[in-house]
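Colleague: Each chain, letter by letter, is given below.
Number of protein chains: 2
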Amino acid sequence: MKKHNFSAGPCILPQSVMQKASEAVINFNNSNLSLIEISHRSNDFVEVMENARSLSLELLGLQNKGYKALFLQGGASMEFLMVAFNLLEKKAAYLNTGTWSNKAMKEAKLLGELVEVGSSKDKNFNYIPKNYSIPADVDYFHCTSNNTIFGTQLNEFPNTTTLKVCDMSSDIFSRQLDFSQFDLIYAGAQKNMGPAGTTLVIIKEEILGKVSRTIPSMLDYQVHLNKDSMFNTPAVFPVYVSMLTLEWLKNLGGISEIEKINNKKAEILYAEIDRNPLFTGFVPNIEDRSKMNATFNLIDTSLSNRFNQLWNEAGINGLNGHRSVGGYRASMYNALPIESVDILIEVMKRLEQKA
Amino acid sequence: MKKHNFSAGPCILPQSVMQKASEAVINFNNSNLSLIEISHRSNDFVEVMENARSLSLELLGLQNKGYKALFLQGGASMEFLMVAFNLLEKKAAYLNTGTWSNKAMKEAKLLGELVEVGSSKDKNFNYIPKNYSIPADVDYFHCTSNNTIFGTQLNEFPNTTTLKVCDMSSDIFSRQLDFSQFDLIYAGAQKNMGPAGTTLVIIKEEILGKVSRTIPSMLDYQVHLNKDSMFNTPAVFPVYVSMLTLEWLKNLGGISEIEKINNKKAEILYAEIDRNPLFTGFVPNIEDRSKMNATFNLIDTSLSNRFNQLWNEAGINGLNGHRSVGGYRASMYNALPIESVDILIEVMKRLEQKA
Chain A
71 MKKHNFSAGP CILPQSVMQK ASEAVINFNN SNLSLIEISH RSNDFVEVME
121 NARSLSLELL GLQNKGYKAL FLQGGASMEF LMVAFNLLEK KAAYLNTGTW
171 SNKAMKEAKL LGELVEVGSS KDKNFNYIPK NYSIPADVDY FHCTSNNTIF
221 GTQLNEFPNT TTLKVCDMSS DIFSRQLDFS QFDLIYAGAQ KNMGPAGTTL
271 VIIKEEILGK VSRTIPSMLD YQVHLNKDSM FNTPAVFPVY VSMLTLEWLK
321 NLGGISEIEK INNKKAEILY AEIDRNPLFT GFVPNIEDRS KMNATFNLID
371 TSLSNRFNQL WNEAGINGLN GHRSVGGYRA SMYNALPIES VDILIEVMKR
421 LEQKA
Chain B
71 MKKHNFSAGP CILPQSVMQK ASEAVINFNN SNLSLIEISH RSNDFVEVME
121 NARSLSLELL GLQNKGYKAL FLQGGASMEF LMVAFNLLEK KAAYLNTGTW
171 SNKAMKEAKL LGELVEVGSS KDKNFNYIPK NYSIPADVDY FHCTSNNTIF
221 GTQLNEFPNT TTLKVCDMSS DIFSRQLDFS QFDLIYAGAQ KNMGPAGTTL
271 VIIKEEILGK VSRTIPSMLD YQVHLNKDSM FNTPAVFPVY VSMLTLEWLK
321 NLGGISEIEK INNKKAEILY AEIDRNPLFT GFVPNIEDRS KMNATFNLID
371 TSLSNRFNQL WNEAGINGLN GHRSVGGYRA SMYNALPIES VDILIEVMKR
421 LEQKA
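So the protein sequences, as listed, match chains A and B.
Heads up: the first sequence begins at 71 in the working numbering, then just goes up one per residue.
Heads up: the second sequence begins at 71 in the working numbering, then just goes up one per residue.
Rather than coming from a laboratory, the hints here were simulated on the basis of the structure.
Watch out, some of these pointers could steer you wrong.
Straight-line distance between alpha carbons at most 25 Å, and here's what the computed DSS-like set of lysine-lysine pairs gives [claimed, not checked]: (1) A/Lys297 - A/Lys135; (2) A/Lys73 - B/Lys90; (3) A/Lys280 - B/Lys179; (4) A/Lys297 - A/Lys138; (5) B/Lys334 - B/Lys73; (6) A/Lys320 - A/Lys334; (7) A/Lys179 - B/Lys280; (8) B/Lys176 - A/Lys280; (9) A/Lys424 - A/Lys73; (10) A/Lys90 - B/Lys72; (11) B/Lys161 - B/Lys274; (12) A/Lys274 - A/Lys135; (13) B/Lys135 - B/Lys280; (14) A/Lys176 - B/Lys280; (15) A/Lys297 - B/Lys176; (16) A/Lys138 - A/Lys320; (17) A/Lys160 - A/Lys176; (18) A/Lys274 - A/Lys320; (19) B/Lys297 - A/Lys179; (20) A/Lys90 - B/Lys90; (21) A/Lys161 - A/Lys176; (22) A/Lys297 - B/Lys173; (23) B/Lys297 - A/Lys173; (24) A/Lys179 - B/Lys179; (25) A/Lys90 - B/Lys73; (26) B/Lys280 - B/Lys297; (27) B/Lys179 - A/Lys297; (28) B/Lys320 - B/Lys135; (29) A/Lys176 - B/Lys297; (30) B/Lys72 - B/Lys419; (31) B/Lys90 - A/Lys72.
Assemble the whole structure, with the sequences as input and the hints as a guide.
Modeller: Have a look at this one:
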């Protein structure tokens, strides 16, 4: 039975990518060797790493603008720490939009003073704080562009002269932005880019080398840049699958094309959430709703069992909300076909008819 | 053409493991979902992680002895730092057997005083230092059990009351040892365990919590232990393939069985290196030679082209030595069949006949 995979991450990837990845585990580039048994210093793999790095910059429109891309390990959680190690001399400004921002702040606090410039904690993070101001004397401003757990997404980024750092783990490559407004972007691969196990970091190289502390090698962006993202053995398979997914996106027409599809998917699902009298959206402000993760609840929770049965029977997977929000979360990452959203909407309508 | 893969790492894994891994990328556990598109919190993946953790302890004979296993990210290079963050309060003792020991020392030095208790640097690390003594006041002793680049291996470990930490990246699960003599063992997966992208860490839990510094979350072993190695999204595919490889080893009869095969492979190859008048072993002391990585040189380097052509024609891959040693390196990890070593020996004999 065909599955409709709404998992929040690790999540759906393009079928053609899975197929190629599966083949490469047996026979990579017609070498009669597996991708996972060759040296990471072999020409074949160095080419994979270089393709993945340059495709990332190309898709974001950041080629020839002083940026470099790295594929590191440790997920966004490691970047929470590395950002501070590399950029935080005295003070940094953080926008608090939920769980991931909080975790980022927790690690940065070990290395300097933090200013929380805005927070939506008062309403369990169901909106994006606005009209906050960033102190002039901070080393950088940090925000999380999309909040998987609460289903909110930043559409406006502050106009500031300070360095701008953004955790884009869950919406990178999903929508057009002026990415050159950011000095550092990081993203765990396991949403729109690839399998868990690698993290994309995009850095404007000129921002490095300004802090006075000695940075341990593995936490030092400059060390990784100096070795073209091969300071130590990279996560070969996750990097390869990321490269395949970036190629898929480029062939599709890039971010501008996938954004149209993503907008359509979000539009029809939120329309049903708002129309269907059985459901309510978790995020009231329409402009703060995430196009990646739609969070919604049943108004009458006694219908839960019936709804759960219906979507399970329809082959839908990964629809349960995060424990801190409850209800449902439909994650609609780049590779999720619009047909899967259609099926979910049908199931919601069917519940209404039966209720 | 069948390949004989002597790569130093990432390296050969069992064919049956590659087959299962390839299938899981398309359809994992008959779920009609790919291994790499499901939640790491799903029951199916939690089971993988728990199997991998318990198989590691079981194969090393460390179950019910106060040890726990973690599958982290960042390779041994990250452990160089984490070991010091978690265990180094004032002073630590390191045995210097080459490149990897040096890198481990470089990171630890940032956090405390280091005593190099022995070194084979005087002879480009072609032997294992012996008869060194470990100061009584150190927090721990650190060594590298096998040195891939130079082809040396520790057969004796010091009898000391201090904590013993060992980097076993390149020979874990290859030979029987009293593993309970160690308090912390770490190993990048990409030799005898799995693909690049995950690192096994085995810790005697009671040794943690003794340093006064605040440890960042991602560098804190206790944080990872408290979350059963799922503090953040693990490297799903590398952990799964590691689990498959550990299952393969268990089904084969465990370390005692693979050790017999490894001994045989090393025995016949070193016999040929010593017998064949065209070659010389890089490591003169027989007791210091690695059973994982045999390093050897042509005495007359004008035969290089002919030798390279012969082994390439035989389907042999990954035989070039590391740039800091030169010559040849035959890595004979667990999954390398003895037939591949036979082929290499034939090629060496053929060169002799033609020379």
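Colleague: Given the hinted pair A/Lys160 and A/Lys176, is their Cα-Cα distance within 25 Å?
Modeller: Roughly 15 Å separates the two Cα atoms, so the pair holds.
Colleague: Is A/Lys297 within 25 Å of A/Lys135, Cα to Cα?
Modeller: At roughly 20 Å apart (the allowed maximum being 25 Å), A/Lys135 and A/Lys297 satisfy the hint.
Colleague: Quick one, are A/Lys176 and B/Lys280 close enough, alpha carbons at most 25 Å?
Modeller: Roughly 22 Å between the alpha carbons, so the hint for A/Lys176 and B/Lys280 holds.
Colleague: With a cut-off of 25 Å on the C-alpha distance, tell me whether A/Lys320 and A/Lys334 pass.
Modeller: With Cα atoms ~19 Å apart, A/Lys320 and A/Lys334 stay inside 25 Å; holds.
Colleague: Does B/Lys280 sit within 25 Å of B/Lys135, going by the straight-line distance between their CA atoms?
Modeller: 20 Å, holds
Colleague: Does the structure keep A/Lys297 and A/Lys138 at a Cα separation of 25 Å or less?
Modeller: 12 Å, holds
Colleague: Has the given pair, A/Lys297 with B/Lys173, been kept, meaning a C-alpha gap of at most 25 Å?
Modeller: With a Cα-Cα distance of about 15 Å, the restraint between A/Lys297 and B/Lys173 holds, given a limit of 25 Å.
Colleague: Is it true that the CA of A/Lys90 sits at most 25 Å from the CA of B/Lys90?
Modeller: 15 Å, holds
Colleague: Verify the proposed pairing of A/Lys90 with B/Lys72, using a straight-line Cα cut of 25 Å.
Modeller: 21 Å, holds
Colleague: Would the pair B/Lys161 and B/Lys274 pass a check requiring their Cα atoms to be no farther apart than 25 Å?
Modeller: 20 Å, holds
Colleague: Given the hinted pair A/Lys297 and B/Lys176, is their Cα-Cα distance within 25 Å?
Modeller: 17 Å, holds
Colleague: For the pair we were handed, A/Lys73 and B/Lys90, check the Cα-Cα distance against 25 Å.
Modeller: Given that 25 Å is the threshold and the Cα spacing comes to 21 Å, the pair holds.
Checked against the numbered hints given earlier, the structure satisfies every one of them.
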